[in-house]
Amino acid sequence: MTSLLFATALVRAADVVAPSSLLTQQGDTGNLFPILSPNPIRYQQVVDHAQFAGMAAGGEYITQIAFRVHSPGIAFTANIGSLQINLSTTSKTPDTLSSTFAANVGTDDTVVFPAASVQFSTSVAGPVDGPQAFDLVITFTTPFHYDPSKGNLLVDIRNASGATHDPANDQQIDATSAFGDATSRVYNLGDANAATAGTTGSSFQMDSFGAVMRFISSPNAPVPAPPHTLLNSATRMRVGTGDNVLIGGFIIGGGSKKVILRAIGPSLTNAGVPGALTDPTLELHGPAGELIASNDNWVSSTQKQAIIDSGIAPSDDRESAIVATLPEGNYTAVVAGAGGTSGVGLVEIYDLDQSATNRLRNLSTRGRVDTGDNVMIAGLIIGGTQNTRVIIRALGPSLATLNPPVPGALSDPFLELRDGQGNLLETNDDWVNSPHKQEIIDSTLAPPNDKESAVIRALPPAYYTAIVRGVNGTTGVGLVELYDLD
Amino acid sequence: MTSSRIPPLAALALLCAGSFSLQAQTPVLPAPDRSGIEHVVVVTMENRSFDHFMGWLAGANGQQTGLSYSDSAGAAHSTYHLTDYQGCAFLDPGHTYSDGRVQFNGGAANGWLLDGSNSLSGTPNKANDLFAIGYYQQSDLAFLGSAAPAWTTCDNYFAAMMAETRPNRIYMHAGQTDRLDNSSFISGLPTIWDRLAEHGQTGRYYYSDVSFLALWGTKYLNIIHPIERFMEDCAAGTLPNVAYVDPEFTDENAGTSTDDHPHADIRNGEVFLNQVYQALTSSPNWKHTVLIITFDEWGGFFDHVAPPLAPIPAASAAAGDTDGRLGFRVPCIVISPMAKRGNINHEQFDHTSILRLIEWRWSLPALSNRDVSANNLADVLDFVTAPNLTVPQFNVPAGPFGGPCP
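In order, the protein sequence lines correspond to chains A and B.
Residues 6 to 491 (my numbering) make up the first sequence, in order.
Residues 18 to 423 (my numbering) make up the second sequence, in order.
Hints are computed from structural coordinates only; laboratory data are not their basis.
Backbone N, C-alpha and C define an ideal beta-carbon position, used for all residues, glycine too.
A hint or two may mislead.
[Said to hold, decoys possible] Computed footprint of chain A on chain B, listed as stretches where at least three residues anywhere in the stretch have a Cβ under 8 Å from a Cβ of chain A:
id: 1; stretch: 254-260
id: 2; stretch: 297-305
id: 3; stretch: 380-391
[Unchecked claim] For each label pair, taking beta carbons as the anchor points, the in silico distance ranges come out as:
id: 4; chain 1: B; residue 1: Glu245; chain 2: A; residue 2: Ser96; range: 46 to 56 Å
id: 5; chain 1: B; residue 1: Ala90; chain 2: A; residue 2: Thr204; range: 28 to 38 Å
id: 6; chain 1: B; residue 1: Gly205; chain 2: A; residue 2: Gly185; range: 30 to 40 Å
id: 7; chain 1: B; residue 1: Thr82; chain 2: A; residue 2: His170; range: 48 to 58 Å
[As the list claims (entries may be wrong)] If you only want the chain B side, here are some residues facing chain A, beta carbon under 8 Å, derived:
id: 8; residue: Pro47
id: 9; residue: Ala48
id: 10; residue: Asp50
id: 11; residue: Asp146
id: 12; residue: Asp198
id: 13; residue: Ser201
id: 14; residue: Arg212
id: 15; residue: Gly217
id: 16; residue: Thr219
Make a model of the complete structure from these sequences and hints.
Right under this line is the structure:
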């Protein structure tokens, strides 16, 4: 899964691969630049305007850029500590970029992705001779209006930290080295804030090479996201049968909201997760428990085009997805294995409509918490432009007091909150012992049982992971909940 | 972009070098991005000259029988077939900077038994013995004896300089050398690994027992991997753009090293080469790979072609290279889906021609005045005919062979 901020207000998207000659075949070489460079780098790549001939007259809003891995290879994860992307319209043409970066930048220079950490995971599941899927995706926080009739597109990347790979096999992104094609680059390896190109020997670091890029654009102006946004929740755990299926809950407040739900299984195998669910099914239930929609295999869904248009269709045909516009209320997503099968699965809820005051207020997942790889792992994405105050709860014993009681409830949950790089931000065993106990009480969302866990804090826009396990390796049914307090 | 051709000075030297008539060859290279090359793998063995190891190859400019060389006393000795694989009864032939010039003998290339300062024998002032004029035949080489006729063999490929191991191997990495002998000080020369990294390309050095890149201290630790990783990368299809693969260096006296340096049993080197060949030709990367097998220098073994001159890079001049003389010819086999089968190529190359190929393919700046002017080894490849993915298999006994010399 590519864990990045999700696109705003998606409509049917234009889709450009540059150079266009590489739409169905991979480039002639791999290259580490710009996003997989192990060292910091300032990198500019110009793309000829003719590549965007499919855009609407007057231009479109580019909302997303994506890269693909050069085949062959193996699945890997890459982390970049700080990546910033600017776009502008440049008068420079391929193979004529200046060694002075500022001379290439257009007057409409826009920070489309402010400096932030980024994590990529790619399965490299495509043909051995490529091309691979464009699954190294960066969705812009500020879409860029680009009119090809005004000039060429300049992609200006500041990779301030360099990337780390796991495994460290130096796999490269797909690239072209051709002279005279639709793209070329200039860069400074070692200094993300450089004003001029670096040098190798007596030559400037500039050549006819370029990464093969995919641009997603929309003819309509995206509606800005509100300053505080809980955009996405994803929970991974072992999906069993009966009471041990994976159940995700969420609350919509302030009016109707468009969401996409996904049930992921087989593609987890490509990400190195053992024992993944081979064929997940997905059900969406309403506030009264009524079945609103169901799906097994998203490619067979009557919503297939809507799922594609969301930009986050599952990567495996056997996985499931539902797009729905839902009124205010409480909802439940149930993931099970087709035919009663079991395995590790992932339920995800994405906010497709960040345009107004309607909000995803709460995201929760219930399921069996085991040990090792089968603990409960919940991911969340904070969007917007400001910190969002959240409370994350891990419940167990109180589930046994519900009517009817949940059998086999986790007796003593333990909660960890980590950032997108896996760094531990905070842990809690019993919420009553938290240094933020009073804040938790004041939120009115204190867990019902003293043995349960809670973390309350303001989180800047980024990706986070909450891990729930049983104290001393105990197991049982648990519930992880995320509440937006702003 | 086009490759450079034989520079005038080198061409003149080549014409003066011997009686062999250079065939006219006018290779036309495609644009690098249309070459189909994504991986270059270089395996460098030790200390064998072309005539000594490959002189039997039909169609090549090799000579084994019928040659006679005089010793210091004026007695003539004929070249002969070596009948053991280690040469334990002999001295390691001299092959230092000064040894080479005695053997060069003013261009006669006949001083193989005149060397009066076999600096590697441990017995100064003792001439090379008859090991230096012995040769191996095709049937002695289970791998190269089959691979050389099957693929493209270059019969006009020289060591980068008339000196011993380290200067030549440093040339292979840096396009020049900062020493004329096997001294061990840390090198500060920029290398092809720097060039690759500075352009986003990947490179790895795979060692079998000792890392040659240790001569650069810790600078390249992140690209140094054991030979087992090479096998894994081949299997996974994760080879870097450029890989140098070295054999075992350190058990020569035990006879079991795989580098072919005396007194290793050369059958172990054949096993090593076949292992690399098998791993690479079965790799998902094979379709876009060029494998180059060569030797670092001639090792003091006879070769009838006098090496020409080449430009002297600044570092080499500072180290004391006064004439720019290339080392005697060494074997060079090019194996690739883009390689012609059963082909002998007569164009002049040396170790810096490999650098030239790498730099051409990925638009990298040259490292010195040598690689910028060297002929591009890509010239031997066939970019017109569709890549031939078939791979002949060779019967190479597994070994290990040999043992300590008495």
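Hint check:
no. : hint                               : in the structure
1   : 254-260                            : holds (count 4)
2   : 297-305                            : holds (count 3)
3   : 380-391                            : holds (count 5)
4   : Glu245(B) to Ser96(A): 46 to 56 Å  : holds, 52 Å
5   : Ala90(B) to Thr204(A): 28 to 38 Å  : violated, 58 Å
6   : Gly205(B) to Gly185(A): 30 to 40 Å : holds, 38 Å
7   : Thr82(B) to His170(A): 48 to 58 Å  : holds, 55 Å
8   : Pro47                              : violated, 11 Å
9   : Ala48                              : holds, 7 Å
10  : Asp50                              : holds, 4 Å
11  : Asp146                             : violated, 45 Å
12  : Asp198                             : violated, 27 Å
13  : Ser201                             : violated, 27 Å
14  : Arg212                             : holds, 6 Å
15  : Gly217                             : holds, 4 Å
16  : Thr219                             : holds, 4 Å
Figure legend: structure checked against the earlier numbered hints; hints not met, in rising order: 5, 8, 11, 12, 13.
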